[in-house]
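Chains as they are written, first to last, in our numbering: chain A, 20 to 489; chain B, 20 to 489; chain C, 20 to 489.
In case anyone wonders, no lab produced these hints; they're calculated from the structure. Fair warning: there could be bad hints in the mix.
[What the hints assert, rightly or not] Taking lysine-lysine and the BS3-like style, the derived pairs with C-alpha atoms no more than 27 Å apart in a straight line are:
hint, chain 1, residue 1, chain 2, residue 2
1, B, Lys352, A, Lys351
2, B, Lys180, A, Lys180
3, C, Lys352, B, Lys351
4, A, Lys463, C, Lys128
5, B, Lys184, A, Lys128
6, A, Lys184, B, Lys180
7, B, Lys351, A, Lys352
8, B, Lys404, B, Lys310
9, B, Lys184, C, Lys184
10, C, Lys352, B, Lys250
11, B, Lys180, C, Lys180
12, A, Lys352, C, Lys352
13, B, Lys128, C, Lys294
14, A, Lys184, C, Lys180
15, A, Lys184, C, Lys184
16, C, Lys351, A, Lys352
17, A, Lys128, B, Lys404
18, C, Lys310, A, Lys404
19, B, Lys352, A, Lys250
20, C, Lys184, A, Lys180
21, C, Lys351, B, Lys180
22, B, Lys453, B, Lys310
23, B, Lys453, B, Lys404
24, C, Lys250, A, Lys352
25, C, Lys351, B, Lys352
26, A, Lys351, C, Lys352
27, A, Lys180, B, Lys184
28, A, Lys128, B, Lys463
29, B, Lys128, C, Lys404
30, A, Lys310, B, Lys404
31, B, Lys184, C, Lys352
32, B, Lys352, C, Lys184
33, B, Lys352, A, Lys352
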Amino acid sequence: MEKTYTNALPLTRTSSEKQETICIFGTGDFGRSLGCKMLQCGYSVVFGSRNPQMSSLLPNGAEVLSYAEAAGRSDIIILTIHREHYDFLTELVEVLNEKVLVDVSNNLKINQYPESNAEYLAQLVPGAQVVKAFNTISAWALQSGVMDANRQVFICGNDNKAKQKVVDIVHNLGLTPLDQGSLMAANEIENYPLQLFPMWRLPFYLSAALGLFFFFYCVLRDVIYPYVNEKQDNTFRLAISIPNRVFPITALILLALVYFPGVMAAILQLYRGTKYHRFPAWLDHWLLCRKQLGLVALGFAFLHVIYTLVIPIRYYVRWISRNITIAQIMNKKENPFITSTAWLSDSYVSLGILGFFLFVLLGITSLPSVSNTVNWREFRFVQSKLGYLTLILCTAHTLVYGGKRFLSPSSLRWGLPSAYVLALILPCMVLVIKFILIIPCIDKALTRIRQGWERNSKYSKSALNGRSDI
Amino acid sequence: MEKTYTNALPLTRTSSEKQETICIFGTGDFGRSLGCKMLQCGYSVVFGSRNPQMSSLLPNGAEVLSYAEAAGRSDIIILTIHREHYDFLTELVEVLNEKVLVDVSNNLKINQYPESNAEYLAQLVPGAQVVKAFNTISAWALQSGVMDANRQVFICGNDNKAKQKVVDIVHNLGLTPLDQGSLMAANEIENYPLQLFPMWRLPFYLSAALGLFFFFYCVLRDVIYPYVNEKQDNTFRLAISIPNRVFPITALILLALVYFPGVMAAILQLYRGTKYHRFPAWLDHWLLCRKQLGLVALGFAFLHVIYTLVIPIRYYVRWISRNITIAQIMNKKENPFITSTAWLSDSYVSLGILGFFLFVLLGITSLPSVSNTVNWREFRFVQSKLGYLTLILCTAHTLVYGGKRFLSPSSLRWGLPSAYVLALILPCMVLVIKFILIIPCIDKALTRIRQGWERNSKYSKSALNGRSDI
Amino acid sequence: MEKTYTNALPLTRTSSEKQETICIFGTGDFGRSLGCKMLQCGYSVVFGSRNPQMSSLLPNGAEVLSYAEAAGRSDIIILTIHREHYDFLTELVEVLNEKVLVDVSNNLKINQYPESNAEYLAQLVPGAQVVKAFNTISAWALQSGVMDANRQVFICGNDNKAKQKVVDIVHNLGLTPLDQGSLMAANEIENYPLQLFPMWRLPFYLSAALGLFFFFYCVLRDVIYPYVNEKQDNTFRLAISIPNRVFPITALILLALVYFPGVMAAILQLYRGTKYHRFPAWLDHWLLCRKQLGLVALGFAFLHVIYTLVIPIRYYVRWISRNITIAQIMNKKENPFITSTAWLSDSYVSLGILGFFLFVLLGITSLPSVSNTVNWREFRFVQSKLGYLTLILCTAHTLVYGGKRFLSPSSLRWGLPSAYVLALILPCMVLVIKFILIIPCIDKALTRIRQGWERNSKYSKSALNGRSDI
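Just chain A, same shape as in the assembly (with noise of 0.2 Å):
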């Protein structure tokens, strides 16, 4: 339930008690809903503004003065104007003089201007102790008190001091302060809410290279192909037959490369003999954006499952089971139910549903508040033993999905095999050499690299049973 109500607080101040006050440089629309937000949060505010008479939407309690007049009055100095209207503050030098200066401004682009505007603030007041903060926060999210999204204030400074009393603030308005470091952190805190979403950018481009890929793929098999050889006309595949292929194989290839990096960065260790060389950089990048990959996946995943459960309502589908039963009684053929083919159906279809669940599972453990609440050990537990049976069952599903035509001569058209055939090579290569690696001897190798030995290090004759360190 978000709450509403700080949004219209009345305010009263019955004590006499010396309150701290703030200034903010700046009437607009973030200016004042900061103000109010601090006022009700005990804080004395002053407005600095070109036009101080111009003042009548701002929150009761607070004085609008000039800038000059306003920054005399505070210590800490918040700044809620364009970087392209700093100018004015070359003039104000001799009063912001030692003053703290919070620089909340963004840009419109990612990396607009050479240096951040925190960084070009410092230059313009050489005087000031400029802090960065705020920029992620919205005047909506303020002033309606509803903070759905974030809380999080990134802040950087060269001084320590001033950064502490922004952090102050920031905790008392009931905010997150994530201290970022010095002020050469504020480009990329200045980048962050200009960003749209970077580590989902691989996982996006690679499944819809794959999901294109095998598109075109499945329509030259089956409706170019049946076109052109008996003149059927397949167009309407393209809505539910293809993507349902589509959409596993790209799933199944996904989940794989969630798997894959983790096996490439073992393989690595074991050859280099040490964990103490830094991946290559795609290989790192690859690392973080595993949870992505495999979110990604499980929507694919997520879309075959109704796309398979849909089937026996398609017209198409209703039609070919009528005529099968049409044809049946034509001919008077017997039609003996045969055990076997039971037995593949159902548990293709069973191993299918327990991957999937499995992999809910995962997606779900993968909920920031989820996995908050686990400790290292449960969330290496859920997101690689299961994540490892996830594979093996999905694998398994698309495996004994293949059945007997797997391979088999007579479902190649144009000599292309099932586009599922395709889709198991990586699956199977990543279940192979991660079986290879958890055989005790290379495990062994490789958890010893892990804990920190060195097969070509001069100190390796401390290795293992010196290391003491944590």
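Using the hints provided, position chains B and C relative to the given structure of chain A.
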């Protein structure tokens, strides 16, 4: 995983340092739990009680004294006593002078008394600094350490120093303090734990009204009409067929109602030529309820999906399907495969699945822990771009479902069109208005207004370019 | 979206102010990661090492000295060394006197040593103030800034000032400190990261036992019985049919077991006439496991739903359905539509869907981030009211499923009733007791007891009205 071991933690104080002493008036469940938690966190605790000798259940390490004696030991007194029994405090006015008095009480009903308990307390003991806090925390949560529910402690009070002391205690107990301003906020803080999903009320009543209306509408067309005209007993349709018409219709209309207030607000801003006028209260409330509306719609969509997937399992459907096959054989009628029907059937199902998939995605991103990890640009992208795509897919799903029967006179019964035709009105309207609003010239005007430009402002000469404030 | 950029943040200290210096003993992965993070957050870091010259991988800006020299630089020493190597500290006893010594170590097994590592450390260096902290944080999480897993730092120690210093550091690193009391809590804190889902153990074993029992029961009735009596090979039923009997049965019984301890506790309180006696330990544990029991039940219900929805896709079901149609044509038998069967079939499916829908709702509200946003009244409403409604719907679903066959002698095989009949015993029992408990007179007595009234209390004259404490 819940931590449950804080529960019975044995406490030993080996160091001789002076600890801060907190006084708790009242030895009920909450008082004892709070005292126990405070002892664990390094405070010294002294209880004040009417019968100090009746102290068998108090935590080890806590002292029990008379009210006056206990109050003399600490600067902070936490009052875990029902408001109805505050009278005895009048005798302690002198002892309580200058002390911080923390009111944790709740009432049984919303707005039970003319003034909040905390304000009443401040009147009774005018010399004390009253702070409202802890009323949203349960004794059980404190005791078990489970803290599955709320960790947030709303705090208000007129004296900032007193408030800060309470904030520090809340922090030390591992809870999250949220400053709500002056003691006038106590009323809302006291009402908070008595609320039952206030933001869900509008969506709930709306969906109940929509659901009931369409239920009776469908009963009229599908049960009463066939009964009157053909004496056919269709009552069994009440269990699945009719719910499976009502659910998708309600879901679609609710989804349209999520995006309706947004386009209305845009029209209002365009019409007024400024964003600085408040929206009418009902529109404000509607805008704040959008998430809840969307989640209720998702619930109905989920039910629709499962009700649809069970169709082939139903006795009625299997009976019908068998009879169609038999009739076809009996009549020796040909049953040619119609590609256009296959296309329609498959694409309507496919659109629905994709719409549902995006809808589930929207639902997942509205989980607090997920929406906390995205920045505003990402949040808006998901909730607005993906949201409209969902609305488009679901509307298209319904349109294609209608297919050729759409508005055909043969589908009228007693002059009433199919229910889904009515369901399409609002979504189509919202989509049409939205498409008009994103026409470049209109979109540009709206963007300028949202950046602070005003059509009739006396300051408009400074508009846009002059808008230097964030 | 994960923040990954804290990773390689360049650090410059332009200001000349004095920073707090932290000393870290040990230069392993965790020590280096912690040091790097501390440097980012504005601390000055000095490492203590056996081989100060072996410092190639240490973060820029950190010094490496011998243990004694490093310890001399700071009041706080973080010990990132395995317990097995603590002996060297005995030589440093004088340098470490009066210092805050932070133990971050973990063991390989639960209760590996008689005393916790922190207590052992306190014995080794009696002059130092030992604080346990950071043991639940991983080096990888610190380094990558991903922090998907735990942000909580459990802290304990006998000296409050020392503890407070560590709490401040934890805060500054953007982590969440949780004070667990005196050093006697160290044992539990050290066991925490070694636990593997302790609260899930009872639900897991319980569901495994139930599942296995009903699996063999169903195999006996559905596979062995037909084989013995009719030489029929039903083994293919092991893949889907039998799991789809075992899953719903286990789900229903587990759901009943969620609500069983609650009614038992109520009966116990009524019988004892007080709430001030502790429940037996097994009942306490059971009460704490209810959420996990419910989630396991939801997992089985989810599997049941998908196993049911794939029914029409199965080869066996399609074969049966075709044969029924053919038999009907061959025998030229009429197949009238039976409305009562349609009603039964549809309402049993409908009840199941609604029950599952509510069950999913319960599951979603038990996500930590969702349950954190509701107040206690809302939480109880969902988990109790909606929970019982779910149990009623699911029990009704099973009852209607049985329909006329319920307990009919013809469904007995070797005297054994259908498995679902056994499954109904516990849920029906729980519901009957619950209905008795909410009879007004009993409910009133229970409410009085829960408000603190005691039947045989010597203070009972003051009961209820006299209960002024919260």
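Checked hints:
1. Only pairs whose Cα atoms come within 27 Å are accepted, and Lys352 of chain B paired with Lys351 of chain A is accepted, the gap being roughly 18 Å.
2. Restraint check for Lys180 of chain B and Lys180 of chain A: the C-alpha separation of about 22 Å stays at or below 27 Å, so the hint holds.
3. Among the hinted pairs, Lys352 of chain C with Lys351 of chain B is consistent with the structure: their alpha-carbon atoms are about 18 Å apart, no more than 27 Å.
4. Distance restraint check for Lys463 of chain A and Lys128 of chain C: the Cα-Cα separation of roughly 19 Å lies within the 27 Å cut-off, and the hinted pair is therefore satisfied.
5. A distance of roughly 43 Å separates the Cα atoms of Lys184 of chain B and Lys128 of chain A; the hinted pair therefore is violated under the 27 Å criterion.
6. Restraint check: the Cα-Cα separation between Lys184 of chain A and Lys180 of chain B comes to about 17 Å, which is no more than 27 Å; the hinted pair holds.
7. Between the alpha carbons of Lys351 of chain B and Lys352 of chain A the distance comes to roughly 18 Å, so the proposed pair stays at or under 27 Å and holds.
8. Straight-line distance between C-alpha atoms of Lys404 of chain B and Lys310 of chain B comes to about 15 Å, which keeps the hinted pair within the 27 Å bound.
9. With a CA separation close to 18 Å, the supplied pair Lys184 of chain B and Lys184 of chain C stays within the 27 Å bound.
10. Using a Cα cut-off of 27 Å, the hinted pair Lys352 of chain C and Lys250 of chain B holds, with the two alpha carbons roughly 25 Å apart.
11. Proximity of Lys180 of chain B to Lys180 of chain C is assessed by CA-CA distance (about 22 Å); at most 27 Å being required, the pair is judged to hold.
12. For the suggested pair Lys352 of chain A and Lys352 of chain C, the alpha carbons sit about 21 Å apart, so the restraint of at most 27 Å is met.
13. For the hint linking Lys128 of chain B to Lys294 of chain C, the alpha-carbon distance of about 25 Å falls within 27 Å, and the restraint holds.
14. With a C-alpha separation of about 22 Å, the suggested pair Lys184 of chain A and Lys180 of chain C falls inside the 27 Å cut-off, and the hint holds.
15. This hinted pair checks out: Lys184 of chain A and Lys184 of chain C have alpha carbons roughly 18 Å apart, not beyond 27 Å.
16. The hinted pair formed by Lys351 of chain C and Lys352 of chain A meets the criterion: a straight-line CA distance of about 18 Å does not exceed 27 Å.
17. Straight-line distance between C-alpha atoms of Lys128 of chain A and Lys404 of chain B comes to about 20 Å, which keeps the hinted pair within the 27 Å bound.
18. At most 27 Å may separate the alpha-carbon atoms for a hinted pair to count; Lys310 of chain C and Lys404 of chain A meet this at roughly 24 Å.
19. The suggested pairing of Lys352 of chain B with Lys250 of chain A holds, with an alpha-carbon distance near 25 Å, which does not exceed 27 Å.
20. At most 27 Å may separate the alpha-carbon atoms for a hinted pair to count; Lys184 of chain C and Lys180 of chain A meet this at roughly 17 Å.
21. Using a Cα cut-off of 27 Å, the hinted pair Lys351 of chain C and Lys180 of chain B is violated, with the two alpha carbons roughly 92 Å apart.
22. Taken as a hint, the Lys453 of chain B and Lys310 of chain B pair is honoured in the structure, with Cα atoms around 19 Å apart against an allowance of 27 Å.
23. This hinted pair checks out: Lys453 of chain B and Lys404 of chain B have alpha carbons roughly 12 Å apart, not beyond 27 Å.
24. A C-alpha spacing of about 25 Å is found between Lys250 of chain C and Lys352 of chain A, which places the hinted pair at or below 27 Å, so the restraint holds.
25. With a C-alpha separation of about 18 Å, the suggested pairing of Lys351 of chain C with Lys352 of chain B holds against the 27 Å cut-off.
26. Proximity of Lys351 of chain A to Lys352 of chain C is assessed by CA-CA distance (about 18 Å); at most 27 Å being required, the pair is judged to hold.
27. Between the alpha carbons of Lys180 of chain A and Lys184 of chain B the distance comes to roughly 22 Å, so the proposed pair stays at or under 27 Å and holds.
28. For the hint linking Lys128 of chain A to Lys463 of chain B, the alpha-carbon distance of about 19 Å falls within 27 Å, and the restraint holds.
29. A threshold of 27 Å between alpha carbons decides the hint, and for Lys128 of chain B with Lys404 of chain C the separation of about 20 Å falls inside it, so the pair holds.
30. For the given pair, Lys310 of chain A sits about 24 Å from Lys404 of chain B by alpha-carbon distance, which is consistent with the 27 Å threshold.
31. Taking the CA atoms of Lys184 of chain B and Lys352 of chain C, the gap is about 86 Å. The hint is violated against a cut of 27 Å.
32. For the hint pairing Lys352 of chain B with Lys184 of chain C, the CA-to-CA distance comes to about 88 Å; that exceeds 27 Å, so the pair is violated.
33. For the suggested pair Lys352 of chain B and Lys352 of chain A, the alpha carbons sit about 21 Å apart, so the restraint of at most 27 Å is met.
Checked against the numbered hints above, the structure breaks hints 5, 21, 31, 32 and satisfies the rest.
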